[in-house]
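Student: Listed below, chain by chain, are the residues.
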Amino acid sequence: GNSVTQMEGPVTLSEEAFLTINCTYTATGYPSLFWYVQYPGEGLQLLLKATKADDKGSNKGFEATYRKETTSFHLEKGSVQVSDSAVYFCALILTPRNNNDMRFGAGTRLTVKP
Amino acid sequence: NAGVTQTPKFRVLKTGQSMTLLCAQDMNHEYMYWYRQDPGMGLRLIHYSVGEGTTAKGEVPDGYNVSRLKKQNFLLGLESAAPSQTSVYFCASSYGISSYEQYFGPGTRLTVT
Numbered sequence: 001g002n003s004v005t006q007m008e009g010p011v012t013l014s015e016e017a018f019l020t021i022n023c024t025y026t027a028t029g030y031p032s033l034f035w036y037v038q039y040p041g042e043g044l045q046l047l048l049k050a051t052k053a054d055d056k057g058s059n060k061g062f063e064a065t066y067r068k069e070t071t072s073f074h075l076e077k078g079s080v081q082v083s084d085s086a087v088y089f090c091a092l093i094l095t096p097r098n099n100n101d102m103r104f105g106a107g108t109r110l111t112v113k114p
Numbered sequence: 115n116a117g118v119t120q121t122p123k124f125r126v127l128k129t130g131q132s133m134t135l136l137c138a139q140d141m142n143h144e145y146m147y148w149y150r151q152d153p154g155m156g157l158r159l160i161h162y163s164v165g166e167g168t169t170a171k172g173e174v175p176d177g178y179n180v181s182r183l184k185k186q187n188f189l190l191g192l193e194s195a196a197p198s199q200t201s202v203y204f205c206a207s208s209y210g211i212s213s214y215e216q217y218f219g220p221g222t223r224l225t226v227t
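Note that the protein sequences, when read in sequence, are chains W and Z. Number 16 in our numbering belongs to position 16 of the first sequence; there are no gaps in the numbering. Add 114 to a position in the second sequence, counting from 1, and you land on the number used in our numbering.
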């Protein structure tokens with residue numbers, strides 16, 4: 001089936017450190033890929049997306065590149081801040097014209113210390 | 115513009131009790147969704163709606179019912195709560211076809227004892 005696998009957390013980093021959160025996917029077709037972020041006490045918010053192979057999504061200093069050859073969509077940020085502390089979810093939609101079938105990874109909790 | 119709101123924020127039920135979770139959105143979105151979030155499992159889709167008066171089953175629909183009588187509201191019902199339904203429930207909405215972004219509410223933490 002269609003699924004997303006994320007690196008297990010929690011991840012703890014010092015401020016200004018480099019962040020990578022790994023995400024790989026399994027899909028029978030050509031999915032669109034997403035990263036959502038959940039800040040404490042809030043719902044999920046879309047962070048970035050990529051809809052086809054080799055696309056790079058970016059937002060707020062975060063980046064992720066859709067790699068079809070490795071079925072991956074790793075999230076990166078060059079210099080994290082305390083305010084980036086949150087849970088990050090990788091997700092995919094297999095059918096672009098019908099977004100009722102979004103599959104989420106288990107989430108990775110990031111804590112950034114000053 | 116409140117976005118997506120959910121009530122209540124917290125609830126404790128005894129096994130066998132019933133309750134309804136309310137989701138409301140003020141963005142005129144066609145699509146609405148109910149997810150549950152469990153540790154180590156991400157979010158799983160319970161039911162969804164593609165428009166007023168329509169509902170459909172998601173990945174984990176058993177034990178839940180939904181209704182979409184008004185476009186802005188999506189209700190999730192538990193007729194006879196079970197401990198396995200202890201979870202955090204999220205409602206989301208989106209414009210619909212060709213729109214990928216889902217907008218989420220803040221969640222409802224439900225405990226069934």
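Derived by calculation from the structure, the hints in this document are not laboratory data. Among the clues, some could well be false.
[What the hints assert, rightly or not] DMTMM-like mimics (lysine to aspartate or glutamate), calculated; alpha carbons at most 20 Å apart, straight line:
{"hint": "1", "chain 1": "W", "residue 1": "Lys56", "chain 2": "Z", "residue 2": "Glu215"}
{"hint": "2", "chain 1": "W", "residue 1": "Lys68", "chain 2": "W", "residue 2": "Asp54"}
{"hint": "3", "chain 1": "W", "residue 1": "Lys49", "chain 2": "Z", "residue 2": "Asp140"}
{"hint": "4", "chain 1": "Z", "residue 1": "Lys184", "chain 2": "Z", "residue 2": "Asp152"}
{"hint": "5", "chain 1": "Z", "residue 1": "Lys171", "chain 2": "W", "residue 2": "Asp54"}
{"hint": "6", "chain 1": "Z", "residue 1": "Lys123", "chain 2": "W", "residue 2": "Glu42"}
{"hint": "7", "chain 1": "W", "residue 1": "Lys60", "chain 2": "Z", "residue 2": "Glu215"}
{"hint": "8", "chain 1": "W", "residue 1": "Lys52", "chain 2": "Z", "residue 2": "Asp140"}
Student: Would you mind marking each hint as holding or not holding in the structure?
Tutor: Hints, one by one, checked against the model:
no. : hint                  : in the structure
1   : W:Lys56 <-> Z:Glu215  : 17 Å, holds
2   : W:Lys68 <-> W:Asp54   : 7 Å, holds
3   : W:Lys49 <-> Z:Asp140  : 24 Å, violated
4   : Z:Lys184 <-> Z:Asp152 : 29 Å, violated
5   : Z:Lys171 <-> W:Asp54  : 33 Å, violated
6   : Z:Lys123 <-> W:Glu42  : 11 Å, holds
7   : W:Lys60 <-> Z:Glu215  : 17 Å, holds
8   : W:Lys52 <-> Z:Asp140  : 31 Å, violated
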